[in-house]
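Chemist: From the two separate chains plus the hints, produce the assembled complex.
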Amino acid sequence: MIKNSLIVRKIIKYSKLYLILKSIGILLCILSPSFPGTMLVGTCNAESISSADLTELSIRDLMEIEITTGSKKSQKLANTAAAAFVITQDDIRRSGVTSIAEALRMVPGLQVARIDANKWAISSRGFNGRYANKLLVLMDGRSVYTPLFSGVFWDIQDTPLEDIDRIEVIRGPGAALWGANAVNGVINIITKSAHDTKGGLVSAGAGKEERGFGTFRYGDSIDEKASYRFFGKYFDRNESKLASGHNAADDWDIYTLGFRTDWNPTAMDSVMFQGNHYRADESQFFSFQSLTSPYSFPVNEETKTDGVNFLYKWNRLFSDKSDMTLQLYYDRARIHQTVLSETRDTYDFDFQHRFSPWEKHELIWGLGYRITSDNTKSSYMISFYPKSRTDDLLSTFVQDDITIVEDKLRLTLGAKFEYNDYSGFEFQPNIRALWTPNKQNSIWASFSRSVRTPSRAEHDARLNIFVIPPDYPPNISGFPMVLSNIPNDDYKSEILYAYEIGYRKQISESIATDITAFYNEYNDLRSYTIDYASIFLELSPFPPHLVVPAAMTNDINGHTYGIEVSAEWNPVLWWKIKPAYSFLHMNLSGSPDGSDSGTFDTAVPRHQFSLRSSMDLPMDMEFDLWLRSVDDLPVVNIDGYCTMDARLGWKPNKNIELSLVGQNIFDNQHPEFKEEVLNLDRTEVERTFYFKVTWRF
Amino acid sequence: MAHHIIKYILRIILLAIVFLSIPISYIYASESLTMESKVKAAFIYNFAKFVDWPLAVSNDTQSQPFIIGVIGYNPLIEDLMSIEGKTIKGRKLIVRQLSNIREMNNCQVVYISASEKDNLTGILNAAKSNNILTVSDMGNFVENGGIIGFVKVENKIRFDINLKTAGESHLKIRSDLLALARRIIN
Numbered sequence: 001m002i003k004n005s006l007i008v009r010k011i012i013k014y015s016k017l018y019l020i021l022k023s024i025g026i027l028l029c030i031l032s033p034s035f036p037g038t039m040l041v042g043t044c045n046a047e048s049i050s051s052a053d054l055t056e057l058s059i060r061d062l063m064e065i066e067i068t069t070g071s072k073k074s075q076k077l078a079n080t081a082a083a084a085f086v087i088t089q090d091d092i093r094r095s096g097v098t099s100i101a102e103a104l105r106m107v108p109g110l111q112v113a114r115i116d117a118n119k120w121a122i123s124s125r126g127f128n129g130r131y132a133n134k135l136l137v138l139m140d141g142r143s144v145y146t147p148l149f150s151g152v153f154w155d156i157q158d159t160p161l162e163d164i165d166r167i168e169v170i171r172g173p174g175a176a177l178w179g180a181n182a183v184n185g186v187i188n189i190i191t192k193s194a195h196d197t198k199g200g201l202v203s204a205g206a207g208k209e210e211r212g213f214g215t216f217r218y219g220d221s222i223d224e225k226a227s228y229r230f231f232g233k234y235f236d237r238n239e240s241k242l243a244s245g246h247n248a249a250d251d252w253d254i255y256t257l258g259f260r261t262d263w264n265p266t267a268m269d270s271v272m273f274q275g276n277h278y279r280a281d282e283s284q285f286f287s288f289q290s291l292t293s294p295y296s297f298p299v300n301e302e303t304k305t306d307g308v309n310f311l312y313k314w315n316r317l318f319s320d321k322s323d324m325t326l327q328l329y330y331d332r333a334r335i336h337q338t339v340l341s342e343t344r345d346t347y348d349f350d351f352q353h354r355f356s357p358w359e360k361h362e363l364i365w366g367l368g369y370r371i372t373s374d375n376t377k378s379s380y381m382i383s384f385y386p387k388s389r390t391d392d393l394l395s396t397f398v399q400d401d402i403t404i405v406e407d408k409l410r411l412t413l414g415a416k417f418e419y420n421d422y423s424g425f426e427f428q429p430n431i432r433a434l435w436t437p438n439k440q441n442s443i444w445a446s447f448s449r450s451v452r453t454p455s456r457a458e459h460d461a462r463l464n465i466f467v468i469p470p471d472y473p474p475n476i477s478g479f480p481m482v483l484s485n486i487p488n489d490d491y492k493s494e495i496l497y498a499y500e501i502g503y504r505k506q507i508s509e510s511i512a513t514d515i516t517a518f519y520n521e522y523n524d525l526r527s528y529t530i531d532y533a534s535i536f537l538e539l540s541p542f543p544p545h546l547v548v549p550a551a552m553t554n555d556i557n558g559h560t561y562g563i564e565v566s567a568e569w570n571p572v573l574w575w576k577i578k579p580a581y582s583f584l585h586m587n588l589s590g591s592p593d594g595s596d597s598g599t600f601d602t603a604v605p606r607h608q609f610s611l612r613s614s615m616d617l618p619m620d621m622e623f624d625l626w627l628r629s630v631d632d633l634p635v636v637n638i639d640g641y642c643t644m645d646a647r648l649g650w651k652p653n654k655n656i657e658l659s660l661v662g663q664n665i666f667d668n669q670h671p672e673f674k675e676e677v678l679n680l681d682r683t684e685v686e687r688t689f690y691f692k693v694t695w696r697f
Numbered sequence: 001m002a003h004h005i006i007k008y009i010l011r012i013i014l015l016a017i018v019f020l021s022i023p024i025s026y027i028y029a030s031e032s033l034t035m036e037s038k039v040k041a042a043f044i045y046n047f048a049k050f051v052d053w054p055l056a057v058s059n060d061t062q063s064q065p066f067i068i069g070v071i072g073y074n075p076l077i078e079d080l081m082s083i084e085g086k087t088i089k090g091r092k093l094i095v096r097q098l099s100n101i102r103e104m105n106n107c108q109v110v111y112i113s114a115s116e117k118d119n120l121t122g123i124l125n126a127a128k129s130n131n132i133l134t135v136s137d138m139g140n141f142v143e144n145g146g147i148i149g150f151v152k153v154e155n156k157i158r159f160d161i162n163l164k165t166a167g168e169s170h171l172k173i174r175s176d177l178l179a180l181a182r183r184i185i186n
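Chains A and B, in that order, are what the protein sequence lines are.
Just so we're aligned: the first sequence equals residues 1 to 697 in our numbering.
Just so we're aligned: the second sequence equals residues 1 to 186 in our numbering.
Next comes chain B alone, as it looks inside the complex (with noise of 0.2 Å):
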């Protein structure tokens, strides 16, 4: 008999969890961001305060804002959203995602998805032509001729950072910077 009745309880709170559950599930709907994405877009908007970027560039452009564009769908676009506003060498900071490749112009930091992997060399080329800060976390990064690659080592996230590539876009990397990077290509 007792078993009859605790069967028949149990039944009960199983259908009482489902029917509750229904109406409160619609109310928080919100995605939960990564922590990886956020620690990179912290390094991102950190990256920007060690790098100069040709003078000619600054000077014209100082009460312009600073454009950081996404290529590529990435998670990241996000978090890097979320810290709009904020400055960077005084300028107010923006946040784009880019369709394609002619979008990079007014920007001073692109990022990269790892799914531009088959367009890589167009877009470094069109970056290095307009004194842009390349930045990804895709295999190999730095040494097909990105500027700053992110590599997860043991949980942590380290870069790597391509300094030719840096000179040939006129952009100087601050040494506090190179000293912090794990790997350096000359």
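Just chain A, with the same shape it has in the complex (with noise of 0.2 Å):
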């Protein structure tokens, strides 16, 4: 009758040891005054408990239980040819985090140093950098990627942490669906409809590092089909200490205020429309240049940031094997420092189709066009040539996924096509493999190329990055000396060929592995080569100086590879851990000329390492626990640390949650990375802990 009957037997077990710790709980909780209504399946990890356990839930508690995602989702994660991770959630609410850059440290194979108070650098599989530009990060299939100087601003990435469905993380090329720039990996923040976050939700705290944050969300239904929901967010971040101990200057506050509305007019249709408006104001402390005395001094100032962007989607469902999804957005960001203030807006259309034209064939093809146009003011130190820019972008792709055998084997052929003003046509073809022998295993394999395609500010800038007083030495003639980074017109795209494998293997009901490898070969990658032969005297601006000509160049290559394992084990049933580990080897050559290898390209650690531990405990509370080991980074100097979250919550009610986090417990401080470019101050993270209330009405 029973297939597995000792699985079954040991699943039984451990409820029953669930059952007993809960009838503790309740019965702690009835002699509690405070005593509410219903509160059985708060805490309950409904996913791993048996139809023996839900009979003793009363059908109130039954109605409470959601019956989608969980299996539904590792089921899709199990059939993809590509290292794919998902943060659901509950990962992000147990982990404390408190943005979305902190949530992405869970991640094997990313590389996520805090550099200040307000910046982070984010890679995936090296190469890593505030400006770290092999990476695509979307919104809701908004991409956040800045074309000025490629990379993504993290600390304008921001929503309530609550509204986050998931976030899925697929390391590796992703350019055959996603196009370039999608090079080492694709990062997609999904947040929920608005049909599922009907009802008020307040959540406020306060901390060390969190001088004050508070989230507000009302959503509710205006008929059966239609849905919306409205929120705003704000927080008030302290600054970070310099290594000396002294305060780093560069405390930061945001508030995010948005909407979106959900609505399914028949069945076979489903239209969103949403909207995010931000502001923020964050201090910096750099240095900055200039031609007469001092020719370098410091300067603190406030980096004001603001946006607003609104985006439509129309899926229609054919049937279950066809589909088509037709997107439309429209983002506004302005940036406004001493450096550098620019004003970028994006038209974006992309349209998706998905057939079956033939038995076993799943096609998917789509046209993207996205217009970018930028306005520029330019300081001594950064300038841009033109100082406006109009950029079109024409894509698009094909993808065949071929069923061999019958869910066991399948093989993807992609290709995508694109056009763009600063390297013209690219092609980015792909081939990955399925086989899954079984429930229990799948195995992947894939070979990509894909391209990183210039960026406005490698095609267009003229950036004086330092300036030498007049006989200072090595300056020894009398003007001023300054090593300036001049416009290439003639910079191309680099080019990746990847080679991956990857293994998942659910080895018993209780623990899930996951092991990719790779290896990458990467041509034409960004050098900077300072011409000492050629310098010149340039009369304008005053006074006269001579400059250093320096050029970003496509002359380094090398390889990369690595090995990304994660897992998770459920001992019992109220205990999960997962643990992950990441090792990466880089090696990078400049070319016979003597062009800088591009030192900070390499500034990752050869090994990570985290565990997770989620425990919900009697009495609806739980207790966390997240323990990271980060390697070295020689080539900026950073020692490896080892430092630890923890959080404690506790579910009084149905509708009230409590938690206590602290953040980085082992240390006092510790530095994470160096800014590249502004030569910014190297600040350090502190220990730090927020409690936080969060109220569900």
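These are computed hints drawn from the structure, not numbers from a lab.
Just so you know, not all the hints are guaranteed correct.
[Said to hold, decoys possible] Chain B side only, calculated, beta carbon under 10 Å to chain A, not exhaustive: (1) M35; (2) K38; (3) V39; (4) A42; (5) F50; (6) K156; (7) L180.
Quick caveat, the model's predicted, so the values are computed rather than measured.
Backbone N, C-alpha and C fix where the C-beta goes; we use that ideal spot for every residue, glycine too.
Modeler: So, in structure tokens, the structure goes:
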């Protein structure tokens, strides 16, 4: 009758233990004066409970159980021929993180380092930096990768963390589907449908680094087919510390306002419309360069950023094998700082169609068109030629998913064709195979070619990096001497050939593992070539000065390889353990003419380890620990570190959640990274704690 | 040179994974049961507690088992079977896969798979005359004369009740259960 009695018996054993603990919890709750009416389901993890346990619940409690995702998503994940990792809402909530950037530390194969209180360096499989340019990031399908410098400004990628449904991370090239710049990975931040966020939510808290934060959200249904929500979020974060122990003057605050509506006019159509607005004030401290005395002086300034965006998406289902999606968005982002101000408007159109033209083939094809236009305001340190520019990006892709053996072997062939104004036509093909001998095992392998197209800065920017005063060694002339990056019209795309294999295994009902190995071969990577032979005298701006020209060129080649492992183990129903380990080796070499081998690109740890533990305790308490260990970054002189976050959560009743979080509790402070362009002071991440209350109504 | 060594190592890893995975995979062949049918099974078990069958029927059969039947193929049966042996109204629970309408006679509750939509009228008529509580998740079940119909609303399970059919089947549904129904048809 029951096929696998051993496993069933084990589950029943654990569920009994769970029920005993739960009964103790119930008893204590009844004894306490504030006994709430219904509190059974609370923290229980429905996914891992057997039907026998569920019969112990009342109908009212059964009605509260969410029945979708968990299994469906892991199903989907096991069926992907790529190194995919999903951060769920529960992972975010229980980790105690206060930003999307910090949540990404869970993902094996990603390098996440905090530069200062308001800046992060995040990359996938190496090449990390504030302007890490090989990782594409999308929020509900809207690209937040800035084409100006390439890279992502993580500070302004904010939304109430409670409204995030999940963050899907794919390491390795995703270019065949997502396009250029998805070279080493794609991060897709997906927010909840308005159908799933009905009711109110207020959360607020404060702590040592978090001077104060608050979120408000309210959602409701308009009729049976349409729902909406609107939200506001604000936080104010304290400055971090310099190595000397002095304050780093990098405190910041940001508010975000937004709404989302979801409408299902028919059973086959779903329409989503959303909008966001944010405004941030961030302090930073850096050395401004000038041609007159004192030539270099410290500036402490407020960086002001703000933006607004709207996104519309329409999905029509034709059958379970066929659908179509149309997406339009508009995004305006402004940044205002002493060295550079920029206003950027992006209009984007995307269309996708999935259908099955022949048996065993599932074809997806799509068209994309993007117009992005900027307007910059220069300073002596950074200027753009031309000052403002409008670029078009036209792309089309096609992908065929072929079932070779039903439920066992699948082959995916895909390619993206793209035309951009910097490097012209780009071709990015890939081939993937997935073999699932049974439900417990899946093995995949892939080969892809992908490109990182030139950024506006590489192509058009003049950067006056630093000024050596007259008669100051090594400058023996009587003029100030400037090291300058001269725009390079010939800057080309960087090219990657990637080989990947992966294996996922459900070892038992309570243990699942995922291992990926990759080998990446890069050509034409960015290099900085300083041409000492061509020093020239420049008369403007006044006073006359010598220029040592440098240019960004494509003279670095190299390869990287690595292994990423993650696992999930539920020793008992109320305890989850999630270890992750990454190994990364980078080997880059410049051309024989002595160009710099891009030191900052290799500022990544060789070994990284993370261990998360989540316990559901009696009395609806939760206890979480997160241990992280990161290897040295020798090229920027940063030592490895090992630290831990801890969270204690309590749901005194169905509507209220209290939590106390400690972060980086192993040491007073430690550095994690060094900014690579503006030469900002190196700041350190401090031990901190905060308290938070969440009220749902 | 280094490239070749690494490619070679990757190849060995791939081969090792392929060979290691084959024997292990035979050990765990259990099918994972989905959450949705687990929850529905628990609902059905709970419904029985809030429904009173006609006195004549229940008195006669106090020593008999309480039988839940499933018509048509549905994965839910596995979840119902895992709770076999529990008691409902002092009677031992038994779950049966039914292959035709005649086998419904001894059942107190019958779950009708969506696959039986075409035979619904016949099944419901037989159920009515045997005082059977009918449950299903097929569309428009209660509108077509079923007693309790599951509906999924935003990833959670809700249910509708047809009080008229319940009355005609001489089943009394307690107000506690009615209060939780999404919709009641009179």
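Chemist: Would you list, in rising numerical order, the hints stated earlier that this structure does not obey?
Modeler: Going through the list in order, the structure violates no hint and respects every one.
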